[in-house]
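*Asks:* Produce the entire structure from the sequences given, and follow the hints as far as they go.
Protein chains in written order, with UniProt numbering: chain A, 1 to 243; chain B, 1 to 243.
Where hints are given, some of them may not hold.
Identical copies look the same in the list; a pair holds intra-copy or inter-copy alike.
As a list, the in silico DSBU-like pairs of lysine-lysine whose alpha-carbon atoms are at most 30 Å apart [what the hints assert, rightly or not]:
{"no.": "1", "residue 1": "Lys64", "residue 2": "Lys206"}
{"no.": "2", "residue 1": "Lys64", "residue 2": "Lys222"}
{"no.": "3", "residue 1": "Lys109", "residue 2": "Lys222"}
{"no.": "4", "residue 1": "Lys206", "residue 2": "Lys109"}
Treat the hints as calculated values from the structure; they're not laboratory data.
Protein chains: 2
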Amino acid sequence: MYSKHSPLARKLGSFVALDDAELAVLDGLHQRRRRFVAGRDLVHQGQTRSAAYILAEGWVCSYKLLRDGTRQIVDFQIPGDFLGLRSVLFRTADHNIEPITTVEASEVKDSELLTAFTQTPRLATAVLWAASRDEAMVVEHLVGIGRRNALERTAHFLLELNARLMLVGQATTAGFDCPLTQYHLADALGLSAVHVNRVLRELREKGLLTFQKGQVEILDFKGLVALAEFDLGYLDHEGPLLR
Amino acid sequence: MYSKHSPLARKLGSFVALDDAELAVLDGLHQRRRRFVAGRDLVHQGQTRSAAYILAEGWVCSYKLLRDGTRQIVDFQIPGDFLGLRSVLFRTADHNIEPITTVEASEVKDSELLTAFTQTPRLATAVLWAASRDEAMVVEHLVGIGRRNALERTAHFLLELNARLMLVGQATTAGFDCPLTQYHLADALGLSAVHVNRVLRELREKGLLTFQKGQVEILDFKGLVALAEFDLGYLDHEGPLLR
DNA sequence: CGGGCTCTTGACCTGATTCAACATTTGTGG
DNA sequence: CCACAAATGTTGAATCAGGTCAAGAGCCCG
Chain A
1 MYSKHSPLAR
11 KLGSFVALDD
21 AELAVLDGLH
31 QRRRRFVAGR
41 DLVHQGQTRS
51 AAYILAEGWV
61 CSYKLLRDGT
71 RQIVDFQIPG
81 DFLGLRSVLF
91 RTADHNIEPI
101 TTVEASEVKD
111 SELLTAFTQT
121 PRLATAVLWA
131 ASRDEAMVVE
141 HLVGIGRRNA
151 LERTAHFLLE
161 LNARLMLVGQ
171 ATTAGFDCPL
181 TQYHLADALG
191 LSAVHVNRVL
201 RELREKGLLT
211 FQKGQVEILD
221 FKGLVALAEF
231 DLGYLDHEGP
241 LLR
Chain B
1 MYSKHSPLAR
11 KLGSFVALDD
21 AELAVLDGLH
31 QRRRRFVAGR
41 DLVHQGQTRS
51 AAYILAEGWV
61 CSYKLLRDGT
71 RQIVDFQIPG
81 DFLGLRSVLF
91 RTADHNIEPI
101 TTVEASEVKD
111 SELLTAFTQT
121 PRLATAVLWA
131 ASRDEAMVVE
141 HLVGIGRRNA
151 LERTAHFLLE
161 LNARLMLVGQ
171 ATTAGFDCPL
181 TQYHLADALG
191 LSAVHVNRVL
201 RELREKGLLT
211 FQKGQVEILD
221 FKGLVALAEF
231 DLGYLDHEGP
241 LLR
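*Replies:* Written out as structure tokens, the structure reads:
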């Protein structure tokens, strides 16, 4: 139904029924489309005057670097996600953003966003909802790193990614295309790359999933959900504002 | 200057110069004050129709529970902080809130908040700024758990708490009153209580700080900052909107 | 066809956990 | 105001999850 529109429209649409006028406003935000190549940071820590973007195609990650060179990936963004909403509010970016693949994103000025919001308040709520969902994911990520072991954590992470991708039509319960390397996974999960490799092997040997050649294949969805204590509801609340 | 007002006014006031009208609106939010006793959860996971609160006195923590009984504290809230802003947006709370001390908080209906925001847009921005700061803290927390060892992580956490408390006038660089037990620290830092105890001993033996009898005394501020790689700027950006 | 990336595996090491015992403080009712 | 129970803090010893180091294999792309 929303498939002819942007991934963002599709994502928001699954929580708030958007009418044609609202969809038009959303599409209007996708002017000034930019393309970025993989590996070259899009935003970096301490940078001032950074813009916000809506990701249209490709994957990026936001991360922080410690002085000893280790890094922690805070989150991955996939099509339909906002980039750097917070950096606009703080005048200076507190994290880096790296394109994992070639990326297409629409630059959005804060003024445009505000205009769109006043034109269509339902849109504002939907975006606020999306931002809250992102925050909830960061919290879940924190819980995972703090209290889950490597196996559960990895399973949980991949299930979450799968759920997010389903929302924008880029995954099924059978799996998804995944451009991440094991190093990305390690940096996100707070593990070493070597250990991630071992964990992936274990998941494979248990017949739960495979992570190979840019493909995640989910072999035993229920088994994974049980292992990870994954809350199937947590990403698809039935919308905050049916009213 | 703002000291006769609520801790919230004081906190926001250090980022946006609020005029008397704005302060009055803020104060107006503090109707329906409630008192909660320590230990009995104020909000719990899965609860629907939970209110938002502004914390006026005392400390609370928000946490998530895993099935095996371990818990992860996501954040502590101190006077001037909002509680459960996200639970209002999601119809159901995704975390628990436990009062650590006896707590005084003002219940705020979403409608009141929205009214206040339309009356005073600068206030809305200030609150949005505060929410972003909270999110930035969760991110920093994530980085700490993912990539810092127990000693650095503990030091960083206590420095952050100190910085936050200074904003509401409840700490100096010499230290602060702290109602947390070592168990609280453990649950927040993703460590065992036993190890927290050893880490605190090490901090004491290194002459950096003491954590005793509800008091944190900072003995060597610069040493701690160096150990924790604490970014002195990160909580006191000079305001997002001087305009 | 050679040089990076990425992945894989083994051997060894270490930071943190667990378990267990005991000390100290705080709170509570008599 | 004391006595006792519960909560909190302290310490040592054994164990383990995950990290580090090292080396090699596969593979993608210019």
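*Asks:* For every hint, state whether the structure bears it out.
*Replies:* Each hint, compared with the structure:
no. : hint               : in the structure
1   : Lys64 with Lys206  : between (33 Å within a copy, 28 Å between copies)
2   : Lys64 with Lys222  : between (33 Å within a copy, 23 Å between copies)
3   : Lys109 with Lys222 : neither (43 Å within a copy, 39 Å between copies)
4   : Lys206 with Lys109 : neither (48 Å within a copy, 49 Å between copies)
Hints 3 and 4 from the earlier list are contradicted by this structure; the remaining hints agree with it.
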